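Engineer: Following the hints, complete the assembly by docking chain B onto the known chain A.
So you can see what is in the structure, the chains are spelled out below.
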Amino acid sequence: MSTLIEVKNLKKYFQTSKGDLHAVDDVSFTIEKGHTLGVVGESGCGKSTLGRTMIHLLEPTDGQILFEGEDVTRIKGKALRQFRENAQIIFQDPYSSLNPRFTVKQTILEPLVLSKRFSKAELEKEADRLMDLVGIDRRLALSYPHELDGGRRQRVGIGRALALNPKFVVCDEPVSSLDVSIQAQILNLIQDLQDEYGLTFMFITHDLSVVRHVSDHICVMYMGNLVEKSPAKELFKTPMHPYTKALLSAIPSIDIHSPMKRIILEGEVTSPVEPAPGCRFAPRCPYATEACHVDQELRELQPDHFVSCHRAEEIMKLAAKKQEEKEPAAEKQADIRGEGKDE
Amino acid sequence: MKKKDHLTEELCWQEESEHFLSVKDLVVEYTAAGEVIHAVNGVSFDLERGETLGLVGETGAGKTTIAKSILRILPDPPAKVRSGEILLNGVDLYKISERDMRKVRGEKISMIFQDPMTALNPVMTVGDQIAEAIQLHHSDYSAKEVTLRACEMLEKVGIPASRYSDYPHQFSGGMKQRVVIAMSLACNPLLILADEPTTALDVTIQAQVLDMMKALREEQNTSMILITHDLGVVAETCDRVAVVYAGQIIELGSKEEIFDDPRHPYTLGLFGSLPTLTGDETRLHPIDGMPPNPADLPEGCAFHPRCGKACESCRMRDQAPELVHIGGTHYVRCLDEGVKEREA
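For the protein sequence lines, the chains are A and B, in the order given.
Quick note on numbering: this note's numbering labels position 170 of the first sequence as 170, and the sequence is numbered without any gaps.
So the number in this note's numbering is just where the residue sits in the second sequence, counting from 1, plus 343.
Just chain B, with the same shape it has in the complex:
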């Protein structure tokens, strides 16, 4: 008991460490049928209190794997974290025991999963599911207090407490996602990992949920990593953006830097692929080809087979580009000098 409390204090102590969360050089592989799938290949980023970072990328880019490795919930095997450090307030989450990690999950870091239909237990009332999370982290609460707090959480996400004893199938998709959010916020986590929290929802419901999440986060100064493929959602919710391609961050910067001045050919391609609500474009400009097979990544820059700017050196094995600082808080991973130069 003593030891746990000690850890909890340590994790709350903010002045100690440089950043609230630091991910350093994370490498994750999956082994399936004798093949090694390189899901995450050296991802590093920092996150501060109250900040929201958007992880943007296509299916299979490694976004969800990054989030799951922060929470240490990757199934091993087949997944294996090869190297890297994840520091929460200076504590390396890969050096603490599973017992301590259980304390971190839910209480310090919690996750909102994409599909509210499968994230909830169908044979347990929604109220009890929220209460379960509270009970696990607050063994000192009485049963009454736990129920009270669960009701409070339901009300907070806009569901009347009278529906405490209803089952998930009695709720609509939007409301189920609210329940999932209530669950993940029940213990006032410091960090939320939101994996496509609104992708399964209709736009008007998405607007409700995003608004609500924003209000709740501001209330508690919670940090968030938002995983999405929807650039519109990123523009509305994030402070900083990391564009992920083939398990690497290929561009990182503040929302303004990425949206006003995207540099990497892939980021530009993503913007070119989007039909806009105001433009008069008659044709879209998609990125050629398909995302690479993570079991067989191209040598050199992983994006070169689809890149219009690729030259000889982009294809060389030993020339793989590094994430380079190009001013402000803007980083880009590209060999092309023109991409990195700042306009006068």
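One chain only, chain A, in its complex shape:
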């Protein structure tokens, strides 16, 4: 397995009148070829900024991005053009991310036209191929976005992103504005395309059940920091960071017989403008102590499972102990949702 993209201590700050807004703060991770990295977090945690910074839609403030081993952090001109062919993005809102004056065909072909590598005849052929690929009827080629529903528009967005056969695609909430039945169609399409072309994805979403479904690895973000990083299934089985635990417990479950015990977080996300040093979750954390005011580092507590909480082991032990006291027999329930669904 080889690494496609590596991010080292990436920082993206925005200047505001009140000081620097730390949208992405010291984030590091790698994505393997053909894998999907899910990034979850609540609104304003910096997940979209991270995605955009990675494909050069935003300039990083500090840090390094390596694409196939090459440093692409500060590339310009021709090199950037080349990089863009390999790194694409599917946007959240298929309503505002399509040019209303472009037909479906124009939209899908735009990247090809800009690359100046295709003849007219080739473009025609490519248009048909791409429309078939993402499942848009060829008769819709000359339709405008306003004539299409959300699901089809998102298919157009996907077609445009895949037009130049990129290696890496950032999916920024690609299904959150769609109805469930359409959402499932698009998720399946994205999965099929990955299988067929060996694409590497970074999948940004706030929907935890979607992220679990599509990802190999998951990063949990809170106010610009990476708080936990682990293989997907593992994260849902044994979440270790207090924030991850609360986040998972807050998802309304369709399992009506084993209701989850909710961890209700007090308060709301504080401001990311000139944040105080230390763990940013501490003001809402039920386990916070004095020692939390020191910057936290990601530590590998289990193979491939990283957590940025200095009390993680302690909290795990505490939870296990509590569980034993309550129900010595039902240790398994410590898993965030139990595994009894396959009965």
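Just to be clear, a hint being listed does not mean it is correct.
[As the list claims (entries may be wrong)] Quick list of in silico lysine-lysine cross-link-like pairs, DSS-like style, CA-CA up to 25 Å: (1) 76(A) to 8(A); (2) 557(B) to 245(A); (3) 261(A) to 598(B); (4) 652(B) to 261(A).
Don't read these hints as lab results, they were simulated from the structure.
Remember, predicted model here, so these are calculated numbers, not experimental data.
Structural biologist: Structure of chain B alone, referenced to chain A:
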């Protein structure tokens, strides 16, 4: 004045009517650019005191139109309530005057809108917005009493009363939605129509808001109709569920009946479309095709073009299926016999 009081009493009187709220055969159409859009096509259901009914369905299924027609706030034109009765404690809301209806809105029935960013007046402090609702329904209160009650409501939804004079833009999304909820609960309504109250919120904030709404409702035995597309939210908050498709209820039952034993192919499709948090499914099973165009509904069963079980009779105009009782409190609208049969 006398007449109003009389009506108010009538609406509070519970023993009189069979159900707290009955919607009977509601039909609503919109006319736009010469086209008739069939938004609601014969919806009937009952609701009891303290009960929560979930209306589940996709965009354009007619969920919000149902709620708005209960409150009689559909803009006419383009909307037109063609037929149907809405009985609140036995009083037909479509037979009373607009003046009386104004008394019902806010005091008996109130609505929580989806988007807290647009439901609040940006140039009025949140406290005054809550006070406005109280003032309108309690003309006997002094200014001081009104302010006091508004502060009390703010505290109830977890916002310190010291923020009474803040404007909506000074609040986060979750807090704005709390203000909207405080507003709708200010006059102790008997029925709340909640239209996707938490869709615009993050999960941890959604959990806070749902918990708070539940506590407040239990305190006052308020009934609620919760409109949502999120089956997880339904599972956690509702007693009964109505699945809406193309302006019709296609399945109705208790939460247990719907979640443990869904029958209609559409309901099954909705469950199949959801990635779960525990399963090991590698592929989802979406419903084929798109929701129908409400200006041009398919003949017969509206779901037949997307249904795996559809047969010849499902496509026939005069064979449109009825909502059939299949045991318990479970109803389903499907022609397929297998769908309706109860397992032994």
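Engineer: Could you run down the list of hints and mark each one as holding or not?
Structural biologist: Against the structure, the hints:
no., hint, verdict
1, 76(A) to 8(A), "holds, 20 Å"
2, 557(B) to 245(A), "holds, 23 Å"
3, 261(A) to 598(B), "holds, 19 Å"
4, 652(B) to 261(A), "violated, 39 Å"
Going through the hint list in order, the structure does not satisfy hint 4, though it satisfies all others.
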